[in-house]
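Number of protein chains: 4
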Amino acid sequence: MEFEESGIGEECGVFGCVAAGEWPTQLEVGQILTLGLVALQHRGQESAGIVTSNGSSPPAYVTLKGMGLVNSAFKAEDLLKLRHGNLGIGHTRYSTTGISELQNCQPFVVDTLHGRIAVAHNGELVNAAALRKKVMRHGVGLSTCSDSELITQLLALTPPMEEADAPDWVARIKNLMTETPTSYSLLIMYKDVIYAVRDPYGNRPLSIGRMVPISKLHSSGGGEGDTEGWVISSESCSFQSIGAKYYREVQPGEIVQVSKYGVKSLCVVPRPEGEPPAFCIFEYVYFARPDSIFEGQMVYTVRQRCGHQLAIEAPTEADVVSTVPESATPAALGYAQESGLPYVEVLCKNRYVGRTFIQPNTRLRQLGVAKKFGALTDNFAGKRVVLIDDSIVRGNTISPIIKLLKEAGATEVHIRVASPPIRFPCYMGINIPTKEELIANKPEFTDIAGYIGATSVRYLSVQGLVAAVQGGTASFGGKELEMISPSNNGIRRLGHCTACLTGKYPVELEW
Amino acid sequence: MEFEESGIGEECGVFGCVAAGEWPTQLEVGQILTLGLVALQHRGQESAGIVTSNGSSPPAYVTLKGMGLVNSAFKAEDLLKLRHGNLGIGHTRYSTTGISELQNCQPFVVDTLHGRIAVAHNGELVNAAALRKKVMRHGVGLSTCSDSELITQLLALTPPMEEADAPDWVARIKNLMTETPTSYSLLIMYKDVIYAVRDPYGNRPLSIGRMVPISKLHSSGGGEGDTEGWVISSESCSFQSIGAKYYREVQPGEIVQVSKYGVKSLCVVPRPEGEPPAFCIFEYVYFARPDSIFEGQMVYTVRQRCGHQLAIEAPTEADVVSTVPESATPAALGYAQESGLPYVEVLCKNRYVGRTFIQPNTRLRQLGVAKKFGALTDNFAGKRVVLIDDSIVRGNTISPIIKLLKEAGATEVHIRVASPPIRFPCYMGINIPTKEELIANKPEFTDIAGYIGATSVRYLSVQGLVAAVQGGTASFGGKELEMISPSNNGIRRLGHCTACLTGKYPVELEW
Amino acid sequence: MEFEESGIGEECGVFGCVAAGEWPTQLEVGQILTLGLVALQHRGQESAGIVTSNGSSPPAYVTLKGMGLVNSAFKAEDLLKLRHGNLGIGHTRYSTTGISELQNCQPFVVDTLHGRIAVAHNGELVNAAALRKKVMRHGVGLSTCSDSELITQLLALTPPMEEADAPDWVARIKNLMTETPTSYSLLIMYKDVIYAVRDPYGNRPLSIGRMVPISKLHSSGGGEGDTEGWVISSESCSFQSIGAKYYREVQPGEIVQVSKYGVKSLCVVPRPEGEPPAFCIFEYVYFARPDSIFEGQMVYTVRQRCGHQLAIEAPTEADVVSTVPESATPAALGYAQESGLPYVEVLCKNRYVGRTFIQPNTRLRQLGVAKKFGALTDNFAGKRVVLIDDSIVRGNTISPIIKLLKEAGATEVHIRVASPPIRFPCYMGINIPTKEELIANKPEFTDIAGYIGATSVRYLSVQGLVAAVQGGTASFGGKELEMISPSNNGIRRLGHCTACLTGKYPVELEW
Amino acid sequence: MEFEESGIGEECGVFGCVAAGEWPTQLEVGQILTLGLVALQHRGQESAGIVTSNGSSPPAYVTLKGMGLVNSAFKAEDLLKLRHGNLGIGHTRYSTTGISELQNCQPFVVDTLHGRIAVAHNGELVNAAALRKKVMRHGVGLSTCSDSELITQLLALTPPMEEADAPDWVARIKNLMTETPTSYSLLIMYKDVIYAVRDPYGNRPLSIGRMVPISKLHSSGGGEGDTEGWVISSESCSFQSIGAKYYREVQPGEIVQVSKYGVKSLCVVPRPEGEPPAFCIFEYVYFARPDSIFEGQMVYTVRQRCGHQLAIEAPTEADVVSTVPESATPAALGYAQESGLPYVEVLCKNRYVGRTFIQPNTRLRQLGVAKKFGALTDNFAGKRVVLIDDSIVRGNTISPIIKLLKEAGATEVHIRVASPPIRFPCYMGINIPTKEELIANKPEFTDIAGYIGATSVRYLSVQGLVAAVQGGTASFGGKELEMISPSNNGIRRLGHCTACLTGKYPVELEW
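Chains as they are written, first to last, in UniProt numbering: chain G, 1 to 511; chain Y, 1 to 511; chain R, 1 to 511; chain U, 1 to 511.
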């Protein structure tokens, strides 16, 4: 299921780039930012923004913002304005509030006593309401409802005593991190530096890549001496499209300084004693692009493992295995492999169906999501089909697909869902329908198969999902876990946020 | 390979709809036309047009035209203007001439002595230049370079003697068909009738669907009594998205009259003695949506058969089989099945990459098409990959993909192409690069594997392709062939145009 | 009264330019055409078009068309495409039919047997319906309802016997002129020549200007040797804005060939024996820009004479004379001068009021046209005002102005109209409300002053208007008149079309 | 001279409206705001904004902003969103900084501890830089460079001790007024109240109007009982276009509370002892619409008096008097009246000339401003012309006009300027070219006539201008002046800011 159908939405993608050396640098920072945002487009299609700095003192900033996809938000002539930038940050936004205005578009730029800063944010501050009140009590007016403005004002406001002349941004960022535990992955640009920050729970992803000459991109060489610059991105999938090598993740709680001189870890703000990290498990299930790497493993591989696990937990007597294109395909291939059933394609998707101007209450409404899919009849007519989906949120999109398959000749349609039922709201940046809208909380859920018209319905267990994500024998609950395998480059997968599945939130919520 | 990369382009899609009964009919003709065109969007993304008629006498016509995709070419308020239409025709256009102007947008509408007619055309008249001269010699000025205008003027111009008061459009259409042998699938709307016409060689496809109540859409019942209207489309894939049942194809040379009273075959204009039909074989290979049905078989199935045949003709020592997403996937699955090698995904496509504003001569240019793909490393690192593509045209898009896979860890990359090399131009509506640009005509073709960086390269044979299309033991050349199986509803697949592969054109070319 | 209020509309403006010498010429033909059209913008604001030719053989034509004002219809990058043009024609269009589509936008360009021609037309063919039928009977389909397409097809269609190889366009144009008597001022471009044509009645204006170096623009010198090119325009007002000298008018019935070699009169097609010319008298009253020159006299001066004449015909006991800004100002100044009453301004116009989004039936509707005007109270409070308007068409725009003045303190408001009442439709290109809508045909006209709330209302007589236009002692009716003065460069003002005032049409109407 | 030519620019226009009674009120507040802004369009064409409140608790605010003219900045469907507003404020902006971005568009809206406020500002804070520093030192980040944001943050920041629960906005506004002496006319909306504020020097105008039923608009009755609401506007010219009666001006230093209960003067913040007011004298000369009323007199009348005074100070031997259309027309008519010379029109303006796409260094550039004007030759050929302009700033726009007139036949062209030379910059909201660009500061000024090509040039004296503005015998300098006449409704014209003419600024400038 694609985002638009499921009703789930990720908030944002952030992307930054710093060129090594002095201007004119070897990198076209503005173009790298643009391409980087395009690669994060699946994390937000509502608006896009870029701010570049030429890194001098005082720095000249250039800001571009626009509604819609990156390619339509910026015009070619606008992008030319970015060409003197030595570094910059960008943002793609998904509207969680329904307020779709240019002024909510990030990055947010403000003038402070110490000069101009720019901030791009992915996540949602769990105590935003209290922080807004605090800031306003100090006498600050807030002109948007975005967390990003709130963060800039919190950074501007806190005046640590030690500051004499130069601002101590690291102290200010640390201070911000004590004010709010989660969830945020931040890029903060000040003059010639980008601070890359991940909240102590590591709820949102953030990775660093190294720009090398294209010729050295895939060679095992390309040592530090060849570095042309650095990029920071919500997901590593963007590295490939701009010619960067994967370097490492920003760790939970870490503040990393990225400048033309290189990458420097400044500090790691710890979680409260005994608390595990809480990286959003739905990044694996659903949001991230399959070629992104989190915690040393490829998202595609995790999804495939979910399919394997699902085949073990919920085997089926059937003839073929297939997918709801195209996010469920890795899980479907995993299920097919584990079960030994043949994998076939049963649906053909029309990529051009978009906002079509169909008036309500008409004959065409009844066709529902089927307008988007063509049945590949020959592949399943007269057969029993196992159809893998990655999640079922409201239950109203899978239903017409099952009907389509049955009427086109499938004798049975078994739905196997490669993630557990979603039952709880998310307060950390994911746009989930209200509790009442979630199919798993409705009375109909007791007969979900009957409700959606399937022959049978089975979900992956929470334990199964966690095992697929964390590897082998893992269990959840604060206890440190062993590495999944020696091949994961020493990165350990400890704890993940499963709040939307279990109701166990990583921090207590203050309202 | 997608169209934009390959440099091949189909010209157009046509779609028509007639509601049964009197206005207000049960069908929303304007909306059905819109959705129908969206389903044909892969046949032309440059411009779109719709003309509806209210079918009264004199009829009121409404015309909408716009540049770009259907969803952006028409505004919601414009579509409201179509709501009094009882019938209509539409068109999506791919620019073959590079002249991208609204005035070339179809359908073409003209006032004639007998009233207004509208024409939508898919194909290319092989003798267009001579016909233009003929029309102009008669004293007609032509305001566009489109065949569609030429056809309307030819229809308007010819005054058959028998015409007393009422125009004899069928005689005029027949006359047109004697003037030009191919290639055209036409929809001609006059008052309350649509004439659906396919050239005697059947070079371009045209299918008829029957609108039934949504509730009876998939039941085997839904008899004639339930008919709510009729649709005619370049491809049957559009029927599913509007709730129509597949009815039949328009036969080569046939003129079909579609009106509120039903579908009526008026005549079949024959080919010259002994000449076989010449349905474009590349519709199967490349252009059509996989869920479309031509000559009684699903396009997806033919492509899968091509994969089987390719595995027989060009077996490979390798570890995994994969696809260049996503048009080559059926062939890849067929190859995997026949060869017994496991099918995996190796590339993840970023759907948002479009016209990006990258200035020439920069570092980013070197990344080429790789900007569009992410490598799913885990699935092939350290392995020998068979990569299936549906065609190689210029050879400059597959090359960076191979590089990407090799550098990401593939030990060998064997390219298997599910169609024969393209060597000749098409004069019947397909936009193929010049002979010089085709890789198969270049000196480098002798070492194509070395040129594109593959471990090995093999193509499907022309005989293999024809066999996959026409079934079992078929051979090409005018001889009538046996039906492929009893299940094809009595439709025989006789001859196909393979001119771009073999240089044997169905008609002699006059220039 | 401005056009939008009065409900009267002129159809079009045409403009052409030919550079002397070879390319690259000293003139920027594309830019001159653009500026020329801007100067004719008052003759049509609905759409604009330009076609240029590089004059070579075969010529390369470039066409630009767009909706709205010239400055918004063309983008800067589009205008660059015109830079290789050696000659070109342009058009601004006022929609008389309400069909506001790009395809009706002129110039109309067609390919004929002899090559491409482009046509721009101002006027309306009185026998258009019959001509359309004739053309269609020949077997030609017409794709628009514009006279311009009709004219191109008539030119393309007629094949005079004498034509051997080269087309005889002059014979074709003459033939066209025998087919239709009026009304048209035409620019026809073919390869490197523009034919400037005015119908035998001279119903629509057409003037020729000579481009000289800016430095010689106003010197009495600037002989033929300095000629940089030629322009042809509906009105001479455009000459000043592009740096051209007034040269002469195209005479009624004349075909003038304009090329890089100069201006050459080819022939003058005569009117039927004894019939006078019929230049539209409303060009003087209303349509033309006041700085344009027709028949040797400045439009402003004629309007001022109308004011003088009106003061003689309709004197008033009053304190001040004023104008409805700003088209009536010359007449108001003339009236003030003749009457000896002081001229003051009473209304201030807000130029920014345009299409405002006021919903119907609201309080604000009642304010009517007064939203557009501010009363300059000090200038007339407690005084008797003579308010000059140039025409009253429907009577519903002057009424709220009178109310405004009275309520702001005018003790009396006497309306004096500087033209006679409009009573009849125009079939020659002017968009006049239907007979029923014209105030002069309504019962209320017997008490027009009471109806519109004025203290008194008086109109200029037809004789008075004709005298003001034709000079001294003139009378109307086919008799040749003496020149108005020796200073008019030998141009005689003979007959004028007063059909909308008198019902006497210059040609019999065929319907 | 129009603004765009002169290089002078006013910053902004502000407009507010409060409906009497409860919702649904008799007034369409959103539409009144739109029309009110259209009437203030001459004060700013760069962007427009409107914020409405429904006045309930907590209030629902709706914000619209857009670039360009009011009519293009807002779409019809957007205006519908305003329909639940009971009150609102709007703003039209002229860019003084060259930064033309939507985010600088006013009104500025912020959430404060006490709820949301919206602010619209006309003027420029003389100590903005110091105030920005102060605010930022408090820890506030500023996201724009607009004074309006600065004002909102100053209002939000100051926490007067007395505030218990409810915010004391009046105390906060008073505090703001002690922080900055000038220049500002402000509208501050909070819940169901608009505070209308004018700085103690009264540098920028602000007037109040009363909405009455249209039927009672011009009657002397229409007592308080008929009040439908209230409007506040930079200029009273907007009252006429929305059907409001002129009520009174906001006094220098006054805070007026406008709500559904009526208009209430809350306090008047005094100037330092002995300092006169400093209303910008250029509002009379140049910026304001002629039908606006300041200090009890109509702007048109003042301009006419300037013309009278100019004729006394600078009489001319000549044949005719004329104007550079159209802002200088009242002065020209005054000059003509006083001098006894006849008034004629010499120039006809093409309203459609806008941003034309003329490439640099071409023949057409040389035509300069003359592209915009047509010479009405008959009115002045062979005559000596006195041409009145309202001001000469850079001297490069009047020059080509003089050339045009001379070359078209004027024997002499005497320039008479209805204001003194501008010599000094403005720090209070007027965009004046740099000192070096002002013609009055250049060496050429000693022979200004020669420089611009005029026969002679004379300016109005500062004393003459002040007398025309303040009446009879007035002199400037802190001394209270007598009323100009009994007819001015008791409003006294005391002091005016003439800093740009004299260099005497009303307050000391801190930089």
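The reader is advised that the hints may include incorrect statements.
For identical chains, the list gives no copy identity; a pair is met inside one copy or between any two copies.
[Claimed, not checked] Each computed DMTMM-like pair below joins lysine to aspartate or glutamate, with the alpha-carbon atoms no more than 20 Å apart:
1) LYS174 <-> GLU275
2) LYS442 <-> GLU22
3) LYS504 <-> GLU275
4) LYS174 <-> ASP378
5) LYS504 <-> ASP447
6) LYS260 <-> GLU22
7) LYS349 <-> GLU326
8) LYS435 <-> ASP78
9) LYS75 <-> ASP319
10) LYS245 <-> GLU46
11) LYS435 <-> GLU22
Note that these hints are calculated values from the structure, not bench results.
Results of checking the hints against the structure:
no., hint, in the structure
1, LYS174 <-> GLU275, "within (19 Å within a copy, 52 Å between copies)"
2, LYS442 <-> GLU22, "neither (60 Å within a copy, 43 Å between copies)"
3, LYS504 <-> GLU275, "within (13 Å within a copy, 69 Å between copies)"
4, LYS174 <-> ASP378, "neither (60 Å within a copy, 37 Å between copies)"
5, LYS504 <-> ASP447, "neither (26 Å within a copy, 61 Å between copies)"
6, LYS260 <-> GLU22, "within (8 Å within a copy, 56 Å between copies)"
7, LYS349 <-> GLU326, "both (9 Å within a copy, 11 Å between copies)"
8, LYS435 <-> ASP78, "neither (43 Å within a copy, 33 Å between copies)"
9, LYS75 <-> ASP319, "neither (51 Å within a copy, 45 Å between copies)"
10, LYS245 <-> GLU46, "neither (28 Å within a copy, 37 Å between copies)"
11, LYS435 <-> GLU22, "neither (53 Å within a copy, 38 Å between copies)"
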